[in-house]
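So the sequence lines, in the order shown, correspond to chains S and L. Sequential numbering from 1 applies to the first sequence in the numbering used here. Sequential numbering from 1 applies to the second sequence in the numbering used here.
If you are wondering where the hints come from, they were derived from the structure by calculation, not from laboratory data. Just so it is clear, CB atoms sit at the ideal spot from N, CA and C, and this is done for glycine as well. Keep in mind that the hints are not guaranteed to be accurate.
As the list claims (entries may be wrong) - Okay, the calculated bits of chain L under chain S, using three or more residues with CB under 8 Å as the criterion:
(1) 27-36
(2) 100-112
(3) 124-131
(4) 137-147
What the hints assert, rightly or not - Simulated crosslink set (BS3-like; lysine-lysine; CA at most 30 Å straight-line):
(5) S/169 with L/77
(6) S/169 with L/61
(7) L/77 with L/61
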Amino acid sequence: MTKQLFPRLLGPVTLVLLALTAWLGLWVTPRDAVQGNLVRLVYVHPAVAWVALYVSFGTATIASVLYLWKRTRSIVMDRVAHCAMEVSVVFIVLTLITGSIWGRPTWGVWWAWDARLTSTAILGVLALGYLALRRANDDQALRARRSAVFAILAAINVPIIHFSVDWWKTLHQGATVFTANRTLLIHGLMAWTLLVSFLGFTLLFFWLLRARYRLEVSRERALSVSLDEALTLRRREGAF
Amino acid sequence: MSSAESTPDLSPVSPPKSSSRGRWRSIGVLAVLALAILALLSQGLLHSLNYFETVDQVLAKRASLGTEVIRLEGVVKPGTITRTSSGASFVVTGSGDHQVYVVAHGSPPQLFQANIPVVVVGHFTTATSLTFDGTQILVKHTASYIAAHPARVKAPNGSVR
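I would like the entire structure built from these sequences, with the hints used as guidance.
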């Protein structure tokens, strides 16, 4: 009962949280002292980036580690890693797009070759590389092993992205939430709305991941059924 | 009908060979992506790992800089902004009394104002001058978000009381 309840509630709860984010972000929260109404993008871009870098890429990496570890190795882990990486690509692209939309009026440019932006773009290319690598091999076990190793190596870029604003001088601002001294640099209702947006987009990821996983299982099942049908047909042909 | 014809051959056969064209295409895509990563590394990380130099750093090596194009970072000094027909002139400050006079061309970004950190792309007008000729102003806003107070009264000159 509980097992079925969570997946059923995932979609509606995600929609409610995202609608709440839109309502709070557009109508309830105040303007920022410096950025004015541009601050409303803070309820989208950081949450999307959070999902892209940590939640989805993290899920793909953890699933890859679990696949490589013999005790937990299963096709389920490979599927989860693959599906999470596909969703990650979507969120990385959204991160770059929403960042550009925010960057143009605030910085004055759509794009800057600073360490944060460049390393995020590299993560996007690495995620695409992972998906290309999966198509380069038909052997399931070999494909799963190679792509798992690739995902883990690509994940090295995630802490580089995170700390890039501390390690180097970047146009991109430093952390607002995950600051070094644990000081939240956003206050009151703005902070609560930010929290709701983080929850909403995180649940959206798991909703998309679940949908993509089910699609993958159906695709594999359809392939398997068509193989069985072909064998049956061949047997019938042989009988006459 | 002979027995050979009536009994089908159902012995296992090797799986069909995968399309080598598809595999080569994927390897080609991987190669293109590897080149893309190298290009990004070259453009973004190796050439501008540190995106700008602060006023303090620039003044410390002023003699060796000459009129080289750099990205200069500093905070816009209040009371120094003058809008011109071609852009704006202002003073950017570093720590202590370090400061550089900037004459920038082109319209400044929406958030450009006093007390805000900016990155100005440009060069010093002469090898020894402390006047910086800016071709682009980028606003480097902070990571802090503080609610504005719309209830406060706005004075005729635009300042908030």
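Evaluation of the provided hints:
no.: 1; hint: 27-36; result: holds (count 6)
no.: 2; hint: 100-112; result: holds (count 5)
no.: 3; hint: 124-131; result: violated (count 0)
no.: 4; hint: 137-147; result: holds (count 11)
no.: 5; hint: S/169 with L/77; result: holds (21 Å)
no.: 6; hint: S/169 with L/61; result: holds (18 Å)
no.: 7; hint: L/77 with L/61; result: holds (22 Å)
Figure legend: structure checked against the earlier numbered hints; the only hint not met is number 3.
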